[in-house]
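Undergrad: Let the hints inform the model, and build the full structure from the sequences given.
Order-wise, the sequence lines are chains A and B. Using numbering that gives the first Met the number 0, you'd call the opening residue of the first sequence number 0 and step up by one each time. Using numbering that gives the first Met the number 0, you'd call the opening residue of the second sequence number 0 and step up by one each time.
If you are wondering where the hints come from, they were derived from the structure by calculation, not from laboratory data. Please note: incorrect hints may appear among the correct ones.
[Unchecked claim] Partial chain A-side listing against chain B, Cβ under 10 Å, derived:
{"hint": "1", "residue": "V3"}
{"hint": "2", "residue": "A6"}
{"hint": "3", "residue": "L47"}
{"hint": "4", "residue": "A49"}
{"hint": "5", "residue": "V50"}
{"hint": "6", "residue": "L121"}
{"hint": "7", "residue": "I132"}
[What the hints assert, rightly or not] Just some of the chain B residues that point at chain A, by a computed CB distance under 8 Å:
{"hint": "8", "residue": "Y2"}
{"hint": "9", "residue": "L10"}
{"hint": "10", "residue": "I11"}
{"hint": "11", "residue": "L14"}
{"hint": "12", "residue": "V17"}
{"hint": "13", "residue": "E30"}
{"hint": "14", "residue": "L31"}
{"hint": "15", "residue": "M32"}
{"hint": "16", "residue": "V36"}
{"hint": "17", "residue": "F37"}
{"hint": "18", "residue": "I41"}
{"hint": "19", "residue": "I56"}
{"hint": "20", "residue": "I59"}
{"hint": "21", "residue": "L66"}
{"hint": "22", "residue": "L67"}
Computed from a predicted structure; not experimentally measured. Here a beta-carbon is modelled for each residue, glycine too, at the ideal position from N, C-alpha and C.
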Amino acid sequence: MGAVLLALAVFTVLFALGVLLTRDNFYAVVFMSATMILIAALYAVFQLQAVSILMIFIFVGAIGMVTIVLAATYRREAERQFSPRWAVFTAIAAFSAAYYLLTQHASQATAAGFELTLTPDLLLLVSSMAALIILVALSALRLMGGVSS
Amino acid sequence: MIYVLALVILLIAYLTAVSSKDLIRLLISLELMFGAVFLTLIPLFTAASETALGIAIVAIFVSSCELLILIAALILFDREKKSVLVDSVVVGGEER
Numbered sequence: 000m001g002a003v004l005l006a007l008a009v010f011t012v013l014f015a016l017g018v019l020l021t022r023d024n025f026y027a028v029v030f031m032s033a034t035m036i037l038i039a040a041l042y043a044v045f046q047l048q049a050v051s052i053l054m055i056f057i058f059v060g061a062i063g064m065v066t067i068v069l070a071a072t073y074r075r076e077a078e079r080q081f082s083p084r085w086a087v088f089t090a091i092a093a094f095s096a097a098y099y100l101l102t103q104h105a106s107q108a109t110a111a112g113f114e115l116t117l118t119p120d121l122l123l124l125v126s127s128m129a130a131l132i133i134l135v136a137l138s139a140l141r142l143m144g145g146v147s148s
Numbered sequence: 000m001i002y003v004l005a006l007v008i009l010l011i012a013y014l015t016a017v018s019s020k021d022l023i024r025l026l027i028s029l030e031l032m033f034g035a036v037f038l039t040l041i042p043l044f045t046a047a048s049e050t051a052l053g054i055a056i057v058a059i060f061v062s063s064c065e066l067l068i069l070i071a072a073l074i075l076f077d078r079e080k081k082s083v084l085v086d087s088v089v090v091g092g093e094e095r
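TA: Dropping the structure here:
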């Protein structure tokens with residue numbers, strides 16, 4: 000289980016770096032979708048399949064697809080979008096924070112998994128949140144249509 | 000390890016955001032930041048799994064709503080300015 004976690008973590012960071020280093024926005028979205036799938040896979044490793052499926056459906060299936068279409072529509076000449084000056088500050092922040100987290104032995108989840116039960120309250124929450132996202136989508140579509148007319 | 004992984008992804012997303020030259024890359028970096036935030040939720044399941052599941056559901060739907068609004072705003076911005084470059088974003092009343 001530990002090796003699976005480590006492998007997933009390494010691939011997640013590699014794909015996230017792909018978002019940073021690629022020149023083309025289209026490939027950046029593809030790398031971002033792959034990163035989200037791997038994050039969802041981490042949830043699945045901890046036996047949290049409900050959250051995992053929800054994340055893949057929404058962040059890859061819905062938002063990811065819309066972003067891919069957006070990136071393909073506004074495709075322009077690819078150029079490097081990487082700031083070395085900021086990279087130095089980010090690396091220093093990453094090292095100091097990771098050192099703090101690793102030395103403080105922050106409470107870590109075990110890979111044993113969690114028991115989850117979908118209670119009626121949680122199902123009500125899911126349905127109301129789905130209603131919210133439909134409402135927001137309709138509002139956004141109406142707003143865009145209003146501006147064009 | 001989960002916290003460190005979340006931190007590394009969050010910092011990569013921050014670096015992508017500050018380096019981005021167009022709004023689409025900014026949107027992608029924001030989605031990556033949300034991914035990092037979801038990773039930090041995993042340890043919460045050890046303490047209170049039902050509460051954590053509720054928080055995760057609310058966080059997933061609310062963040063996707065926010066991204067949806069941002070996508071709509073991006074399309075509206077392009078219609079207005081005919082560009083999605085970060086340089087074409089001006090603060091209120093600023094002339095360019």
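Undergrad: Please flag the earlier hints that this structure goes against, numbers listed from lowest up.
TA: 1, 2, 15, 16
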